[in-house]
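Put chain B on the given structure of chain A with help from the hints.
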Amino acid sequence: MRFRGKVWKFGDNVDTDQIIPARYLNTSDPYELAQHVMEDSEHPNFAKEHQQGDIIVAGRNFGSGSSREHAPIAIKYAGVPVVVAKSFARIFFRNAINIGLPIAEAPEAVDEINHRDELEVDLESGIIRNLTTGKEYKATKFPEELQAILRAGGLMEYAKEKLSKNVSG
Amino acid sequence: MGMTITEKIIADHAGKKEVKPGDLATVKIDLAMANDVTAPLAIKILEKYHIDKVFDPEKIALVLSHFVPAKDIKSAEQAKMVRDFAKKHNIRWFFREGEGIEHTILPEEGIVVPGDLVVGADSHTCTYGALGAFSTGMGSTDIAYAMATGETWLRVPHSMKFIFYGKPSAWVMGKDLILHTIGQIGVDGALYKAMEFEGEAIRHLSMDQRFTITNMAVEAGAKNGIIAPNEKTLQYVSQRAKKPWKVYHSDPDAEYSEIYEWDAGKLEPLVAWPYLPSNVHPVSESTHITIDQAFIGSCTNGRIEDLRIAAKILKGRKVHPYVRCIVIPASKKVYTQALKEGLIDIFLEAGCVVSVSTCGPCLGGHMGILAEGERCISTSNRNFPGRMGHPKSEAYLANPAVVAASAVLGRIAHPEEVVSLKEVEEALV
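So the protein lines, in turn, are chains A and B. Numbering-wise, the first sequence is residues 11 to 179 according to our numbering. Numbering-wise, the second sequence is residues 65 to 493 according to our numbering.
Keep in mind that a hint or two might mislead.
[As the list claims (entries may be wrong)] Here are the simulated DMTMM-like cross-link-like pairs (lysine to aspartate or glutamate), alpha carbons at most 25 Å apart as the crow flies:
id	chain 1	residue 1	chain 2	residue 2
1	B	Lys152	A	Asp39
2	A	Lys58	B	Glu436
3	B	Lys108	A	Glu171
4	B	Lys117	A	Asp39
5	B	Lys92	A	Glu171
6	A	Lys170	A	Glu134
7	A	Lys151	A	Glu128
8	B	Lys135	A	Asp39
9	B	Lys92	A	Glu167
10	B	Lys456	A	Glu52
11	B	Lys84	B	Glu319
12	A	Lys172	B	Asp76
[Unchecked claim] Covered by chain B, per the in silico footprint, the following chain A stretches (three or more residues, Cβ under 8 Å):
id	region
13	32-38
14	104-114
15	159-170
These are calculated hints, taken from the structure and not from any lab test. Positions of the beta carbon are idealized from the N, C-alpha and C atoms, including for glycine.
Just chain A, same shape as in the assembly (with noise of 0.2 Å):
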């Protein structure tokens, strides 16, 4: 999986509430969800003005708070193919894989890039081009088991076989 993009930056600790505040958790529907993304953020108007295929790059702690697994979905559905990002918490880290969301850690390649730069991430190799700059970097390798679940698109595709016997007929 290879994208290209041009870059939104944003600083650190962005939570879920900033992500997809919880005035629109009264519903589940992903392209809802995308028209409010990243509405309460530095960036208010992202959900309005970004392109589809733009990319989200951000600091330390990406997606903290809440579990809302609408938080990836919103940036999913909205069009963004990866969230690159110095660190991410916890239960985002985990959602984004649950629902084939792709994401990279690259810690010293955020403070070198910059709002509206070309990224390109090719997640197979790990390696982070920022084509306005020339520089290249190498995210975070992720273990092999995480690495399948996003292959597959999703923790469910993943575990469809064990999942079969929950299903009757």
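Positioned in the frame of chain A, the structure of chain B alone reads:
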């Protein structure tokens, strides 16, 4: 090498003699929980994959707590979806609107007991660690998977130990111990790790206050917070347990990635200013901050002891005329007890709004949303931008005594500015 309490519980649930930090473990769960916000996503996932059988309806809890009683049609649809699912699958632990917040109900009803391994689609699932259980928050897909299979995967966390010596002063509560901890290590200071609390000050804390501490472990990024059971835990559990329990303790030679030691006697009540729970200041340095709303409630501080201390301060006094003070008992049991003790009368006479048990304003759901520029002092757990309402509103986090005193003075206040310590001690006897 010895094991920590967290490692022992995970090992037992993985059917292994030993686990080490970093190991990937597949564990059997004792309970999977979801609420009216997170369960609908899990239900949709189960339906999408045509999974029409849960692993064990006796080991699933569904709690309608967040937007209840329904604040709008969409919320009503979500609650209905959860209710229909509970009915269809004969879910044993279904709690309808008004029964309370899951993190108060499940320990209170003895549904979670020491030694359990619990996963919940709510980040504050870590609350049950105060019972000496391993419990952690996850998303809806993980919970759907757990509800179907009775299993989940975990990476065994490194454990951090937090030792509180000494005796906290009268106005210092469990809330201040956890705010101090988060202030010291930061909002990602325990990322992926287990936070184990012990020491003289913890041993003497009531269960209500211990729940406040483990509740906020996630605000430091932790996977779980945990306090090994002692006689207070067992007394609490023996009155309500719905099943047998198992007490675990960390071995003396267990390994910790960090150990912090603090003197609880040296702390004063603390306030976490916007926009992070780690932005902690002593209350004495916060008294210039005026407020528009005071909120006493939530899974962090909506238990009977929290309401008792707030009532001691509000008794015979009035909430500042331009402040709204919202009191929400965290469960129906807490509400009933508060009624019996006359606390609700005290709140109403002081001019508070008292509501049915719900998460309500903590997450900006309903029942007390902030306008642009408004400030709230709250006993809840998060003060992120927009958490309690308008993105340009502000939330300050403190213990219930500080919040009640602030409601009276219309600004952040030390409880002693409103009531003498002697008065409270006499009243509490």
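Now for the hints, and whether the structure bears them out:
{"no.": "1", "hint": "B/Lys152 x A/Asp39", "verdict": "holds, 23 Å"}
{"no.": "2", "hint": "A/Lys58 x B/Glu436", "verdict": "holds, 22 Å"}
{"no.": "3", "hint": "B/Lys108 x A/Glu171", "verdict": "holds, 19 Å"}
{"no.": "4", "hint": "B/Lys117 x A/Asp39", "verdict": "holds, 24 Å"}
{"no.": "5", "hint": "B/Lys92 x A/Glu171", "verdict": "holds, 18 Å"}
{"no.": "6", "hint": "A/Lys170 x A/Glu134", "verdict": "holds, 23 Å"}
{"no.": "7", "hint": "A/Lys151 x A/Glu128", "verdict": "holds, 22 Å"}
{"no.": "8", "hint": "B/Lys135 x A/Asp39", "verdict": "holds, 18 Å"}
{"no.": "9", "hint": "B/Lys92 x A/Glu167", "verdict": "holds, 21 Å"}
{"no.": "10", "hint": "B/Lys456 x A/Glu52", "verdict": "holds, 11 Å"}
{"no.": "11", "hint": "B/Lys84 x B/Glu319", "verdict": "holds, 10 Å"}
{"no.": "12", "hint": "A/Lys172 x B/Asp76", "verdict": "holds, 22 Å"}
{"no.": "13", "hint": "32-38", "verdict": "holds (count 6)"}
{"no.": "14", "hint": "104-114", "verdict": "holds (count 4)"}
{"no.": "15", "hint": "159-170", "verdict": "holds (count 5)"}
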